[in-house]
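Once you've looked at the hints, dock chain B against the given chain A.
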Amino acid sequence: MPLLEVKNLKTHFHTRDGIVRAVDGVSFPVEKGKTIGIVGESGSGKSVTCYSLLGLVPMPPGKIEGGSAIFDDTDLLKCHENDLCKIRGKRISMIFQDPMTSLNPYLRISTQITEPLRIHMGMDKKRAKKEAIEALREVGIPEPEKRVNMYPHEFSGGMRQRAMIAMALITKPEILIADEPTTALDVTVQKQILELIKSRQKELGTAVIFITHDLAVISEICDEVNVMYAGKIVERANSRELFSNPLHAYTRSLLQSIPATQLKGEKLFTISGLPPNLAKPIQGCAFRPRNQIGNSDECLTQSTPEFKELDSNHWVQNCPGCLT
Amino acid sequence: MRISLPTESELEKGSSLGRDAWARLRKNKLAMLSMCFIGLMLIICFIVAQLPFIDDPNEQNLENRFAPPSGDHIMGTDQLGRDLFSRILFGGQISMLVGFIATGVALLIGITYGAISGYAGGRTDAIMMRVVDTLYAIPFLVLVIVLKVVIAGPMEEQLKWMGRFANIVPLFFAIGALGWLTLARITRTQVMAIKEQEFVEAATSLGLSKMRILFRHIVPNTLGPAIVYATLTIPSFILFEASLSYLGVGIEAPNSSWGILIKEGADFLETQLYLLIIPGLFFSLTLFAFNFLGDGLRDALDVRASKD
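Note that the protein sequences, when read in sequence, are chains A and B. Using numbering that gives the first Met the number 0, the letters of the first sequence correspond one by one to residues 0 to 323. Using numbering that gives the first Met the number 0, the letters of the second sequence correspond one by one to residues 0 to 307.
Check before you lean on any hint, since a few could be wrong.
[As the list claims (entries may be wrong)] The calculated lysine-lysine pairs, modelled on BS3-like cross-linking and capped at a C-alpha distance of 27 Å, are:
hint: 1; chain 1: A; residue 1: Lys62; chain 2: B; residue 2: Lys194
hint: 2; chain 1: A; residue 1: Lys85; chain 2: B; residue 2: Lys194
hint: 3; chain 1: A; residue 1: Lys89; chain 2: A; residue 2: Lys9
hint: 4; chain 1: A; residue 1: Lys9; chain 2: A; residue 2: Lys33
hint: 5; chain 1: A; residue 1: Lys77; chain 2: A; residue 2: Lys6
hint: 6; chain 1: B; residue 1: Lys209; chain 2: A; residue 2: Lys124
hint: 7; chain 1: A; residue 1: Lys128; chain 2: A; residue 2: Lys145
hint: 8; chain 1: A; residue 1: Lys129; chain 2: A; residue 2: Lys145
hint: 9; chain 1: B; residue 1: Lys209; chain 2: A; residue 2: Lys85
hint: 10; chain 1: A; residue 1: Lys85; chain 2: A; residue 2: Lys62
hint: 11; chain 1: B; residue 1: Lys209; chain 2: A; residue 2: Lys128
hint: 12; chain 1: A; residue 1: Lys77; chain 2: B; residue 2: Lys209
hint: 13; chain 1: A; residue 1: Lys190; chain 2: A; residue 2: Lys145
hint: 14; chain 1: A; residue 1: Lys77; chain 2: B; residue 2: Lys194
hint: 15; chain 1: A; residue 1: Lys85; chain 2: A; residue 2: Lys197
hint: 16; chain 1: B; residue 1: Lys262; chain 2: A; residue 2: Lys9
hint: 17; chain 1: B; residue 1: Lys209; chain 2: A; residue 2: Lys125
hint: 18; chain 1: B; residue 1: Lys209; chain 2: A; residue 2: Lys62
hint: 19; chain 1: A; residue 1: Lys77; chain 2: A; residue 2: Lys62
hint: 20; chain 1: A; residue 1: Lys171; chain 2: B; residue 2: Lys159
hint: 21; chain 1: A; residue 1: Lys89; chain 2: B; residue 2: Lys194
hint: 22; chain 1: A; residue 1: Lys6; chain 2: A; residue 2: Lys89
hint: 23; chain 1: A; residue 1: Lys190; chain 2: A; residue 2: Lys201
hint: 24; chain 1: B; residue 1: Lys209; chain 2: A; residue 2: Lys89
hint: 25; chain 1: A; residue 1: Lys171; chain 2: A; residue 2: Lys77
hint: 26; chain 1: A; residue 1: Lys9; chain 2: B; residue 2: Lys194
hint: 27; chain 1: A; residue 1: Lys89; chain 2: A; residue 2: Lys129
hint: 28; chain 1: A; residue 1: Lys89; chain 2: A; residue 2: Lys197
These are calculated hints, taken from the structure and not from any lab test. Nothing here was measured: the structure is a model prediction, and the numbers come from that model.
Only chain A is shown next, with the shape it has when bound in the complex (with noise of 0.2 Å):
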């Protein structure tokens, strides 16, 4: 049985355009230990996603309406505010996107660090603070004690994420979700988050979720890629199968748009159009507006395509026109 089984999650957003379906029916399931991948382009939903297993949706405007998300026998997406805090922070915990501003500018960095140790394990100020050095220095920072004492403005971008890293593993969570957490970061303090969070996922035998949209990232440090296409995910294999037998026109699409893949002095592959509209129902295929890869005219027109598995555990959405 896995740590985390995510059964057709459905999120949507109550907007005055109408009801925007970020999140239509997304299963995955997360096994102990192994690093998942979330991938796809803005608005797909792959924060949403996982915003919605840790309660951080704004309701409202955001809504729950259906599916669940089991850990541990807990169903996390109706279990009880207070239940779910003693999850989060703790066995789930979660690094974002932008360590500038997910860092309280009033507050010690030891004070936010401290936070998780002392409200879910009840530890002392003195001791808490121990850990914290320690928690510091097991991310790379140099001096942690006298860092330690110091505020977020003090800290450079990748020394703050490296802290939020540190906050988020202290309590050694079982899950960590990352969502995004190397877009905000120069291209060399990215490879040194990267690995960071790849040997403290080892020494401490972390399930990640890796949120991104940077399929580099994905290919060096995730098992297992889902790949989200407008709410849902279109494919499913794990990160060596998908990229070299890679099904759905999406993914192949995505693939082929990777500058490095390609001559030079051709010209780059781009996915044309705009993801669609999803505050309007989708009929049929939701790519097939933007399909220039596979046949357009065999997408599916009436009928959702299902999600199938083709070969063993490499999951698809059944398009026609996307699987040609």
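Positioned in the frame of chain A, the structure of chain B alone reads:
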């Protein structure tokens, strides 16, 4: 311009935004001067006034009425022969207390109310803010008088131990209990802006309770504007007490305040001008000082001009 590098010990401590603001405030000469002046005023009114050589402010000496300033009475005496200097000191105590305590009460109510309203949002927020709007619409003066009577009656027994302050404490609370409206609005707006920030989400993801997030993570970030407003509120409350006293509904004998001294002095405007001028001078200089300090604080805490 000389740039001073932080020393080793400063680095170790880490510099908070508050410390940065303090460093900026220290460069503002007018604000620092005002702060010293206020400090001096507090020392004079509360400590010097207790010294043995200061006359009893209520001791009358009808043979020595309207004595001009001299060695015996450095600021002269009033129409009942009371020493003006000691009356100013003891009056200052009341005026300052009104300013500080009423502002403290207003801060406490205003920040808590505004923070809850802003954080809750939705219908709770709408109802809470309509209450504020309603209170705004009622004339402040009338309300304070009514509230003062309401508080004063039932609390008379409990307040006996306070001695001569007993009959003015209700006034402090009455002013404070109504002065929080603007503070609540300021705090609410700030909280609404800050609760959308990512670090609040991050705090939620750490499993903190809503109360802890609100009062530990959000409210400290809103204190800057509230402190500035509060500093400017102190003089306005002192002034308000003065006008209440002037109307005869504020401080009662045997206490006095600067407002009462000015009112009494005004009766002898044509003959004994110093009875009006000297308390007036203390009063206005203190108000100036609070206003300058408030301005200085606003500049020092201005986030847009600060680093990072």
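Hints versus structure:
Between Lys62 (chain A) and Lys194 (chain B), the direct Cα distance comes to roughly 19 Å. Compliance with the 27 Å bound is thereby established for this hinted pair. Note on Lys85 (chain A) and Lys194 (chain B): the hinted pairing holds, with a Cα-Cα distance of about 21 Å set against a maximum of 27 Å. The hinted pair formed by Lys89 (chain A) and Lys9 (chain A) meets the criterion: a straight-line CA distance of about 25 Å does not exceed 27 Å. A hinted pair counts as satisfied when its Cα atoms are at most 27 Å apart, and Lys9 (chain A) with Lys33 (chain A) qualifies at roughly 24 Å.
With a CA separation close to 13 Å, the supplied pair Lys77 (chain A) and Lys6 (chain A) stays within the 27 Å bound. Note on Lys209 (chain B) and Lys124 (chain A): the hinted pairing holds, with a Cα-Cα distance of about 21 Å set against a maximum of 27 Å. The straight-line distance between the Cα atoms of Lys128 (chain A) and Lys145 (chain A) is roughly 12 Å, inside the 27 Å bound, and the hint therefore holds. Proposed proximity of Lys129 (chain A) and Lys145 (chain A) is supported: the alpha carbons are some 12 Å apart, at most 27 Å.
Of the supplied pair hints, the one linking Lys209 (chain B) and Lys85 (chain A) holds, its CA atoms being roughly 13 Å apart against a limit of 27 Å. For the hint linking Lys85 (chain A) to Lys62 (chain A), the alpha-carbon distance of about 22 Å falls within 27 Å, and the restraint holds. Note on Lys209 (chain B) and Lys128 (chain A): the hinted pairing holds, with a Cα-Cα distance of about 24 Å set against a maximum of 27 Å. Between Lys77 (chain A) and Lys209 (chain B) the alpha-carbon distance is near 18 Å, which keeps this suggested pair within the 27 Å criterion.
For a cut-off of 27 Å, the pair hint linking Lys190 (chain A) to Lys145 (chain A) stands: about 25 Å separates their Cα positions. A hinted pair counts as satisfied when its Cα atoms are at most 27 Å apart, and Lys77 (chain A) with Lys194 (chain B) qualifies at roughly 24 Å. Proposed proximity of Lys85 (chain A) and Lys197 (chain A) is supported: the alpha carbons are some 26 Å apart, at most 27 Å. Taking the CA atoms of Lys262 (chain B) and Lys9 (chain A), the gap is near 71 Å; set against the 27 Å cutoff, the hint is violated.
In summary, the hint linking Lys209 (chain B) to Lys125 (chain A) is supported, as the alpha carbons are separated by about 25 Å, within the 27 Å threshold. About 19 Å separates the Cα atoms of Lys209 (chain B) and Lys62 (chain A), which keeps this hinted pair within 27 Å; it holds. Distance hint between Lys77 (chain A) and Lys62 (chain A) is fulfilled; the C-alpha atoms sit about 12 Å from each other, no more than 27 Å. Between Lys171 (chain A) and Lys159 (chain B), the direct Cα distance comes to roughly 58 Å. Violation of the 27 Å bound is thereby established for this hinted pair.
A C-alpha spacing of about 22 Å is found between Lys89 (chain A) and Lys194 (chain B), which places the hinted pair at or below 27 Å, so the restraint holds. Taken as a hint, the Lys6 (chain A) and Lys89 (chain A) pair is honoured in the structure, with Cα atoms around 23 Å apart against an allowance of 27 Å. Of the supplied pair hints, the one linking Lys190 (chain A) and Lys201 (chain A) holds, its CA atoms being roughly 17 Å apart against a limit of 27 Å. Our distance criterion of 27 Å between C-alpha atoms is met by Lys209 (chain B) and Lys89 (chain A), whose separation comes to about 16 Å.
For the hint linking Lys171 (chain A) to Lys77 (chain A), the alpha-carbon distance of about 24 Å falls within 27 Å, and the restraint holds. In summary, the hint linking Lys9 (chain A) to Lys194 (chain B) is supported, as the alpha carbons are separated by about 25 Å, within the 27 Å threshold. At roughly 18 Å between alpha-carbon atoms, Lys89 (chain A) and Lys129 (chain A) fall within 27 Å of each other, so this suggested pair holds. Restraint check for Lys89 (chain A) and Lys197 (chain A): satisfied, since their Cα atoms lie roughly 19 Å apart, inside the 27 Å limit.
Violated hints, listed in ascending order, are 16, 20; each of the other numbered hints is respected by the structure.
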